[in-house]
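J.: Heads up: the sequence lines are chains U and C, in that order. Residues in the first sequence are numbered consecutively from 1, following full-length UniProt numbering. Residues in the second sequence are numbered consecutively from 1, following full-length UniProt numbering.
To be clear, the hints were calculated from the coordinates, so they are not data collected in a lab. In this text the structure is predicted, and so the values were computed from the model without any measurement. Yeah, the Cβ is synthetic: ideal placement off N, Cα and C, and Gly gets one too. One or more hints might be untrue.
Said to hold, decoys possible - Footprint (simulated), chain C over chain U, 3 or more residues, beta carbon under 8 Å:
1. 81-88
2. 100-112
3. 160-174
4. 222-233
5. 236-242
To be verified - Short, incomplete list of chain U residues facing chain C, as computed with Cβ under 8 Å:
6. 94
7. 95
8. 184
9. 293
10. 296
11. 305
12. 307
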Amino acid sequence: MDIFEIFLTASFWTAAIRIASPLIFATLGELICERAGILNLGIEGIMVAGAFAGWMAVYSGLGLWPGVAVAFAVGMGFGLIHSILTVPFGLSQHVVGLGVTLLATSSTYYAYRLALPEVTSPPSITPFQPLEIPLLSKIPVIGPALFAQTPLTYLAFAMVVIVALVLYRTPLGLAVRAAGENPQAVAAQGLSVTAIRMGAVMVGSGLMAVGGAFLTMSAFNSFFFEMVSGRGWICIALVVFGAWKPGKALLGAILFAAFDALQIRVQQTPLGAGIPYQIFLMMPYILSILALVVMSRRAEVPGALMVPFNKGER
Amino acid sequence: MRLEPVANPTALRTLAPPALAIAATVVIASLLAMLAGANPFSVLGLILKGAFGSKFALLETLNRATPLIFTGLAVAVAFRARLWNIGAEAQLYAGALVVAILGAGLLDWPAILLLPTMAILAMVAGAILLLIPALLKVRLGVDEVVTTLLINFIFLLFVSMLLEGPLKDPMGMGWPKSARLIDEARLPRLIEGLRLHWGFGLALISAVIVWVIGTRTTLGYEMRAVGLNRNAAEFAGIPVGRVLIKTALLSGGLAALAGFSEVAGLKGNLTLDLSPGFGYTGIIVAMLALLNPLGVVAAALFVAGIFVGADSMSRAVGVPTYLADIMLATALLLMVVAILLTRFRVVRE
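Chain U on its own, in the form it takes in the complex (with noise of 0.2 Å):
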C-alpha cells in the first residue's frame, strides 16, 4: 500500500485517535498540575499504577465505570503523596517526582506478584467497547475514527472541554492559573496557595491514573509490566508543545498519535520492512524531542513553575 493511501483509511484515523486517548488524559493531568506551579514526573509512575488499579478492580468483579474509578482514586493517592512533599514542604520537584514514579511502580509490580502469583500470562478482562453514535459514525473515514470509539475515548474528548471550561471560565480555574504564574496575588487574596496546588497535583494525577487504566481497560484487556513505557514522559513533552493550553494539547497528541500509528502502518510496506524496526519504535522519542526543540523559543511557561510557595517569605 502507498504511503499516501493510508491516509485515506479509516482504520488509521481509528487507531490514532485511539492511541491518542491515553496520552489525551495523561496530558491534561500533567497541565493541570504545571499549571498550578508543580511539575509532577510521577506521571510514568502514575499511569502504571492507574493501568493496574482499574484492571485489577474489573478484574475483581466491579463494573468498567467503577474500575475507573478506583483507577483515579489510586492516582489521587500517589497525588497526595506528591502534594505533601512538593508544596507545603517544597521539595524538589524533580527528585520527589521521580521517587514517586519509583514508588508507584514498584508497589505496583509488588501488588501485581501479591494478587497473582505464579501466573506466567496475566489474565484477561472484557474492556469497553466500541460504542457507534448513530448517523455520524458513517460518515467516511473520520466517522469510524470520532464516533465508533469506546466512551472512555468520548470521556478524553470530553474531559478537554471541561478542562479548558474550569480552567478559564471559572474563579476556580483562575485561581489554580494564578497559582502556577502568582502565587503572592493568591495569597493576598486571602485563598490558600498550599490548598489550590495540592487540589490540582490530586485531581491531575488522577488523570493521569485514568489514562493508564485506559491501555488496560480499553486499548488493550490485560496488564503487562513495562506497557506504559515512556508514555508519562511523552506527555511532559507534549505539554510543553501545546503551550500549557488543553486545546493545543489535544491537537499535539493526535499529531503525536497519528504519527505513531503512521508508523506501525509503514512498518508493514514493502519499504519499511526493509528498515530494521526499532528505527520505528524510536519515532515517537524522537518526535517528542524535536516538539521539544521546536516550541523552546516561544514557550509560555507557567511563572511560577518549580517555584515553591512560602507564606513567610516575599
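For chain U, the structure is supplied; the task is to place chain C on it using the hints.
T.: The following block gives chain C in isolation, referenced to the frame of chain U:
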C-alpha cells in the same frame, strides 16, 4: 503550615529525622512483608543475611554496588550543579557498547593498552550522549529532564538494533547478544581467587577523584556555585553555560564507566538486560548520599545490599523482590523530608 529556618540546630534535630526516616522505611517494609503472609522479622533478617551474611553474599553486594557507585557519582555531580541528568541508563549503555565493539577482537592490543583505551572511549561516548541534552538546555532552554529520559528509550532501542544486526554474536544461538570479549579486554580480579573485579577498585578511585574535583578545584567551586544560585553565579562572572557543559561531560563519562565495568569486568559481553535500571537507581544512591561523592560509595553499598538481600530473601520465603524497590523509593522520599526537617521547623498558622 509554614516552614521556618532553625538557626542553631541541636544534635537531636540533626540526627532524629534521618533516623526516623530509616525506622519508618523498615516499618513500612515490615507491613508489606506481612501483607505477603511472611514474618516481617525473618524477612528483614533474611535481607541482611543475604546481603552481608557470608563471604559469597558480601562479594555479590560489592559487585552489585560497583555500577551503582559510577551512576551514583554521575547523578551526584550533575545534580550538584542542578543539571538534571536522568539519562545515566543510556550513558551506561553507551559505555558498554564501546567495550562490546572494541573488546571483542577489533582491537588486538595487550591489556595494558586496550583497557585504558576502552575506558576512555567509553567515557567519551557517555559524555557525548549527555552533551546533546546539555547543549539543548544551555543554547535553547530545553528542559533536560525530559530529553535525558527520552534518550534512554531511544538509545536502548539503538542498542537492541545493533545486537540484532551488526553486533549479533554468530555463535549466540540466535540470542541478541554481542560476541564474547577477548581475554585482554577483561578487567582482572581485584584480589586473586575472589569474585570481585577491578571495576570496584576503579569505582572507589573515581569517587575520590570526583570528591577532589568537587572540593579542591575551581571547576568544583563553579559547579557548586551554579547549583546553588544560577543568577548569582552568572553575576559573579562564572560562565554558567560552560560550567554546565563541563558538568555534563563529567557526569556522562562517569555513568559510561558503569557500562565499561559491567561488560569488561563482570559479564564479558553486551546484552539488553545488562542493566536492571542502574542508571535510575543511581539517582536514589546520589540522593541518599546527599550528593557527596564519598557518601555515594556508602549509599551504593547500602542500596546494593538491599537488592541482593531481597533477591535471596525472595527465593527463601517467596515475598516479591519488588519489596526492595519499594523500600528504596520510600527511603528516598522520607529522607528528603528528614533532611529538610533538620534545618527547618514546621510552624502552625
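J.: The structure should be examined with respect to each hint, and the outcome stated for every one.
T.: These are the hints, each one checked on the structure:
1. Look at the stretch 81-88 of chain U against chain C: 3 of its residues bring a Cβ nearer than 8 Å to a Cβ of that chain, three or more, so the hint holds.
2. A count of 8 residues in the stretch 100-112 of chain U with a Cβ less than 8 Å from any Cβ of chain C is obtained; the coverage claim is therefore met, three being the minimum.
3. Beta-carbon proximity to chain C at under 8 Å applies to 0 residues in the stretch 160-174 of chain U; the threshold of 3 is not reached and the given coverage is violated.
4. With 3 residues having a Cβ less than 8 Å from any Cβ of chain C, the stretch 222-233 of chain U passes the three-residue criterion, so the hint holds.
5. Residues of the stretch 236-242 of chain U with a Cβ under 8 Å from some Cβ of chain C number 3, which satisfies the need for three, so the listed coverage holds.
6. The beta carbon of residue 94(U) comes within 5 Å of a beta carbon in chain C, closer than 8 Å, and the hint placing it at the interface holds.
7. With a cut of 8 Å, the hint placing residue 95(U) at the interface with chain C holds, because the nearest CB-to-CB distance is about 6 Å.
8. For residue 184(U), the interface hint is violated, the least distance from its beta-carbon to any beta-carbon of chain C being 14 Å, above 8 Å.
9. Satisfaction of the interface hint for residue 293(U) is found here, the shortest Cβ-Cβ separation to chain C being roughly 6 Å, below the 8 Å cut-off.
10. Given hint, residue 296(U) at the interface with chain C, holds; its Cβ is 5 Å from that chain's nearest Cβ, closer than 8 Å.
11. The interface hint given for residue 305(U) is violated, since its Cβ lies 10 Å from the closest Cβ of chain C, which is over the 8 Å cut-off.
12. Proximity of residue 307(U) to chain C is violated relative to the hint, the smallest CB-CB distance being about 13 Å (cut-off 8 Å).
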